[in-house]
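There are 2 protein chains.
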Amino acid sequence: MPGTKRGPQSGPQQDKTAPFAYDGLDRVIHEKARLGLLTSLMVNPEGLAFAELKRLCDLTDGNLSRHLQVLQEAGLVEITKGYDGNRPHTTCRLTAAGRRRFVDYLGVLEGVVRDAAEAAGDKYAPGARRGVLPA
Amino acid sequence: MPGTKRGPQSGPQQDKTAPFAYDGLDRVIHEKARLGLLTSLMVNPEGLAFAELKRLCDLTDGNLSRHLQVLQEAGLVEITKGYDGNRPHTTCRLTAAGRRRFVDYLGVLEGVVRDAAEAAGDKYAPGARRGVLPA
DNA sequence: TCCATCTACTTTGCAATGGAAAGTCTCTAG
DNA sequence: CTAGAGACTTTCCATTGCAAAGTAGATGGA
Chain Z
3 MPGTKRGPQS
13 GPQQDKTAPF
23 AYDGLDRVIH
33 EKARLGLLTS
43 LMVNPEGLAF
53 AELKRLCDLT
63 DGNLSRHLQV
73 LQEAGLVEIT
83 KGYDGNRPHT
93 TCRLTAAGRR
103 RFVDYLGVLE
113 GVVRDAAEAA
123 GDKYAPGARR
133 GVLPA
Chain W
3 MPGTKRGPQS
13 GPQQDKTAPF
23 AYDGLDRVIH
33 EKARLGLLTS
43 LMVNPEGLAF
53 AELKRLCDLT
63 DGNLSRHLQV
73 LQEAGLVEIT
83 KGYDGNRPHT
93 TCRLTAAGRR
103 RFVDYLGVLE
113 GVVRDAAEAA
123 GDKYAPGARR
133 GVLPA
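So the sequence lines, in the order shown, correspond to chains Z and W.
Going by my numbering, the first sequence opens with residue 3, and the numbers climb by one from there.
Going by my numbering, the second sequence opens with residue 3, and the numbers climb by one from there.
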């Protein structure tokens, strides 16, 4: 073993002055597909069917199945498997906790957008219209 | 082989009416760590040193190294390796393309926030303050 | 009646990837 | 002259996203 064992390299310092660490970006939520799913469910709080989600988010069956599983295990959504006549019919809705966590996540996301957009405005187009995204 | 081979399951339809597919969420950018890095670089267009980025984003050396490599390969950042005396000194800055792509990404992100926030406002707190984004 | 197909999902397999730990080099203290 | 810090890079591994294949019941001919 070359070199006596040293402590872990610099090691993450606890967020002391790490303004761009974005700790709040929950892995479970921060994912293209899941982000779409959660947004869909946010817009449709009464719940959505498997097929509907699939269409709205343009996912394959397999993907959707897996992501829903992840979301369920994380307690963000509630899945109800039932029958429509005798075809299986799965519906999905946000749990209260899911909604809370998603809203928190959105807050962080908003911060990201604001940070960057401000920079874009300040440094590259001084004096230009303040509002974040281009007109 | 049970069941004659069928076409790939329902297969992703081309974004026809898939309002929550969020295609624009570029994998390379849409990643906790990299998002922080890019934002840092957006705020500091003159470039940042390795150590500085590490601190700002609270990353370990290894992680930072890797993510920078990814960003560089994607052409989003430009990395300059030089020497400060004879210690290595790496600096990093956004490329023009990087800035463009990041701004595009931010546009999509803002859409996500808006979609969801609207839903939150409309369905859960009717009449409440409209803008999620600050006044 | 048989079988091909559709809807509705679940399971499996694999290649990519984030992250921790370890490695390399050089410089600076003691 | 050895211990340790700074600045990175490389290795290794468990996780994971995604696609393809699989399961199962319903439906529609021929």
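I should point out that these hints are in silico values taken from the structure, not numbers from a laboratory.
Among these hints, one or two may not hold up.
Heads up, the list lumps identical chains together, so a pair's fine if it works in one copy or across two of them.
In silico SDA-like cross-links for lysine to any residue, where the CA-CA straight-line distance does not exceed 20 Å [unchecked claim]:
#1 Lys34 with Ala20
#2 Lys83 with Arg116
#3 Lys34 with Ala121
#4 Lys34 with Glu112
#5 Lys34 with Tyr24
#6 Lys83 with Thr62
#7 Lys34 with Pro21
#8 Lys34 with Gly113
#9 Lys34 with Tyr85
#10 Lys34 with Thr19
The model shown is predicted, which means the values in this text are computed figures rather than measured ones.
Cross-check of the supplied hints:
1. Lys34 with Ala20: Between copies only: 13 Å across, 25 Å inside.
2. Lys83 with Arg116: Intra 40 Å, inter 31 Å, cutoff 20 Å: neither.
3. Lys34 with Ala121: Answer is between: at 19 Å across copies they meet the 20 Å cutoff, but 25 Å inside does not.
4. Lys34 with Glu112: For Lys34 and Glu112, the Cα distance is within 20 Å both inside one copy (16 Å) and across copies (14 Å).
5. Lys34 with Tyr24: both (17 Å within a copy, 7 Å between copies)
6. Lys83 with Thr62: within (19 Å within a copy, 43 Å between copies)
7. Lys34 with Pro21: For Lys34 and Pro21, only the inter-copy Cα distance (13 Å) is at most 20 Å; the intra-copy one is 23 Å.
8. Lys34 with Gly113: Both: 18 Å inside a copy, 13 Å across copies.
9. Lys34 with Tyr85: Neither: 30 Å inside a chain and 39 Å across chains, both beyond 20 Å.
10. Lys34 with Thr19: between (28 Å within a copy, 17 Å between copies)
Consistency note: the structure conflicts with the earlier hints numbered 2 and 9.
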